[in-house]
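Line by line, the protein sequences give chains Y and R. Under the numbering used here, read the first sequence as residues 14 to 772, first letter to last. Under the numbering used here, read the second sequence as residues 218 to 435, first letter to last.
Hint data in this document are derived by calculation from the structure and do not stem from the laboratory. It is possible that some hints are incorrect.
Claimed, not checked - Think about it this way: if two alpha-carbon atoms lie no more than 25 Å apart in a straight line, the pair counts; the simulated PhoX-like pairs of lysine-lysine are:
id: 1; chain 1: R; residue 1: K435; chain 2: Y; residue 2: K85
id: 2; chain 1: R; residue 1: K346; chain 2: R; residue 2: K412
id: 3; chain 1: Y; residue 1: K85; chain 2: R; residue 2: K346
id: 4; chain 1: Y; residue 1: K66; chain 2: R; residue 2: K435
id: 5; chain 1: R; residue 1: K435; chain 2: Y; residue 2: K667
id: 6; chain 1: Y; residue 1: K85; chain 2: Y; residue 2: K122
id: 7; chain 1: Y; residue 1: K211; chain 2: Y; residue 2: K359
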Amino acid sequence: MKIDRRCFLSLAGGLVVGHLLSPVPWKMTDDIAIWTQNWPWTPVPEDGPVSWKETVCTLCPGGCGVKVRTIKDRVVKIEGKEDHPVNRGSLCPLGYASIQYLYGPSRVKTPMKRTGERGDGEFEPIGWDEAITEVNRKLAALRENGKSHKAACIAGDDRGTVPYLFKRFLEAYGSPNFIRTPSGRDAHETAAYLAQGKTALNVGFDLENATYILSFGCGLLDGCGAPGYQFAAYSRFGEDHTLVQVESRLSNTAARAGKWLPAKPGTESALALGMASVIIDKGLYDRNFIDNHAFGFEDFTDDNGNMHMGFRSLAAEYRPDKVAEITGLDARQIESVAVEFARSDKPVALCGYYESRITADIDKTLAVHALNALVGNINQAGGMFVFPEPEYDLPAVSKDSIASDATGKPRADLAGSGQYPQSRYLLNLLPERILEAGNDDLPVEALLVLDANPVYTLEDSKKVQEAFEKIPFIVSFSSFMDETAKMADIILPDHHFLEGYRDVPAPDGVGMPVVSLSEPVVDPQYDTRNAGDTIIDIAQEMGGDIGKSFPWDDYGDFLEKALSDRYQDMSSNGYVVNRDRVADVADAFETDSGKYEFHPIRRHTPNNGDTEKLPGYREVGIPGGNLNNGVTLVAYKSPRIASGAVANPPFMTKTIDSKTLKEDKLFIQINPETAGNLNLKQGDKAVIETPAGTATVRIDLFEGIMPGLAAMPAGLGHTAYSRFIAGKGVNVNALLRAVPDPAYGMNTAWGIRAQLKKA
Amino acid sequence: MSTQTDNTSNAPSDEPAPKKGATGWVILAFFVIGFGFSMLSGWVGFPNLLYKEVPHPIDFNHDLHMDFVHDGCNSCHYFREDGSFAGSPTLNECRDCHMFVQGDDPNEIKFVEEYVLEDKEVPWNIYAKQPDCVYFSHAPHVRGADMDCATCHGDIGESTSLRPYQENRLTGYSRDIWGWNMSRLGEPKYAPRMKMMDCVHCHVDETDSKGSCFQCHK
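In isolation and in its complexed conformation, chain Y is listed as follows:
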């Protein structure tokens, strides 16, 4: 028998055929597929009992109710709470992704002390006792040197009990400098003060019941304001509902609106007055309201015998054809929208909170409020409401001589000063003030930062950064290593909202006086403490009258006492709506006339050439106005990008389309016509230069934006947090610069002139 090559080939053939007829290849294919799913580095959530708990999201001022799915002790899913009056089951992408912040690497896990140069982000962990002692040592030294008024607190909000505790601390310590970060609320508050005589309020719009929403540039469906509230209201829109969007760019909101009026940016107040003139001309205004609840509609003579222009005469100056010229819209369209608005069942006009840019244009806000007054929807279902703040029945602050002396001291941000007597907070002016001052004459020498990230969110980031570098002592209460926390000397980390208690009053712009209670869903993951507890500890350790002003065991004890009878309802329902506090129209006004003042002559303090504060239109001189051949850079809000104090988590960044952010490259939108003039094509690399800064961007051609403008999304270009968040795109705030309102000091610049060149 001869064995040759063919025998071995045959053997191999037999092996292969036998192998194929055995279970080995088929079973192995299946098992290997399953094996790859069980690699030890593949995260697999632990199994266990499932439960749903309810709380309130506090990552933006929206205050949406959420329900949280936990498996054993781990949060695995967040959804909108169906029966929460604010969002009714809706939730924005940041809310859905907020779980990533609970476990993500951006958390500050323990109190930290700076070891490197300021801003380097080098910290060492320290114990709570040591950290609080260190803060107290610095604050006590400042106070002993008679500089208590040079302490300040920057807070993201001034409502609710935690900011209240910080305000109370400064009052007892002896500083007038509690400063809220700028927002659309500034303008609404001022307008409500001027026209309705009310202070310290939330102005809300009842979008749930309104049938005709006339939005002056509000990103209602772009994630501005209280996104959950707006999404929920829009989702219930029927055929008898209309949304009209005034905006120079085809935003999400504009695309979904029944009508889109692409007015030139900054001309909205002229448009509002133009519509008012049509409504008055055609006699479509609410006569009952104007006759019984309005002052200054007709021309009038004051006590000194001086004649003043009434709203009718003012509006008459804004005929549709003139407004058409200012806004670039069609006069007939202005007229038809005005008529529809006035004739509809429940019309409401709004601006402010929901805008992509933090501007506080008092003129525009007054004009929009006046439109609401014209149709008589103040304190009416589907209209505009002014809500009183929740009151706390607490013992008065115990003040020693230093604290009493500080009451009259000027504020570091000039709010309430001779220059801006009627403004409450002017954080936008503070960086400049710090930079102008000498090192021994700084307006702020110790700064507490609560729920805010001014180093990122304020315009002209470079200047803000320089100003923060000059502040001798900064304490951050941030849960995350954000840009401001990175600049701090001490970080006293707060809980994530899923770990602690907090009351969440009246979300921005929401048309009902709701206060919700955020409750812990999981145990604190790290060595963090509620900011309320921390400030109580600091005060008690300081002792004296400051300690006496904080007679509570802890924040929980304080919260229960502060909310008193509301606490029970809040802790069982998760919220309380103070419907009985909504006054009817007669109670809406605390002006001298007891009426809506179209001409707020008695309230407005003539200031800086602004002798009569009337709703009006004036061109805002935006920065870099003398630049020729350039574009005007505007920021826009995307529902997929969180642009506030909290950066968008990686889950959200994943949802951004590749024409907005591709890898780390940011695109700016320009009209093809603008691109033609500048010799730019889709995807081109370009450099944009404004008076505030320079950035490299990519070009996205977009027919939906007005020629001459360049739109950049707000909320990208973070430099802190973690490597998964930082370095994505460009921070538009670094390219913008604020222009203060001459009488009120708030930022009115809606854009900035820029040079855009191919790189």
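Take the given structure of chain Y and dock chain R to it, following the hints.
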């Protein structure tokens, strides 16, 4: 155009052609050897290599317990209030009766001493454990379609001792999922199999549809 080549091929040859290599029978024998080896190793050796027998932490007598409970399987393998299925019972369920050793069964003694008194959960072997990519809810099957537990889990409720548990060395899941018969032909040995096609067959029979991918692979 080589004349030499033409000459060679046309040259007459007196010798018979030499025998070229092995005969067909030998070649076939080699094929059979190879085939037989693969078949034998694949059907006999491979399962022994792939699966390992894992001892149970303690033995359990389902039959005995069925006499003491009022609600059949549901007494210990119950639905939580939210409708989710609790799966294997934890000590919380056992503790009520097994706070102290009852009788002299070594498994009972081990259970109480090593687990109940130590407050340590029993690491039961789960025959029906599925990978994470498989979403399965008991509620629509047991409550909605009124199915018996035995339809999928076999008659384990009547067993007096836990049947052997074999673990797939590669995937870590029970041999019951694929079925004890490697060919997946014939009746399953212990309990119905639980691969995807097993779900599909039942769904086609009962609902005329195998359902959508997303129903189970969420």
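So, going through the hints one by one against the coordinates:
A hinted pair counts as satisfied when its Cα atoms are at most 25 Å apart, and R/K435 with Y/K85 qualifies at roughly 20 Å. Under the criterion of a C-alpha separation no larger than 25 Å, the hint pairing R/K346 with R/K412 is consistent with the structure, at around 11 Å. As the CA atoms of Y/K85 and R/K346 are separated by approximately 18 Å, the hinted pair is consistent with the 25 Å bound. As the CA atoms of Y/K66 and R/K435 are separated by approximately 23 Å, the hinted pair is consistent with the 25 Å bound.
The hinted pair formed by R/K435 and Y/K667 meets the criterion: a straight-line CA distance of about 19 Å does not exceed 25 Å. Distance check on the hinted pair: Y/K85 and Y/K122 sit about 22 Å apart at the alpha-carbon level, within 25 Å; holds. In summary, the hint linking Y/K211 to Y/K359 is supported, as the alpha carbons are separated by about 24 Å, within the 25 Å threshold.
Hint violations for this structure: none, all hints satisfied.
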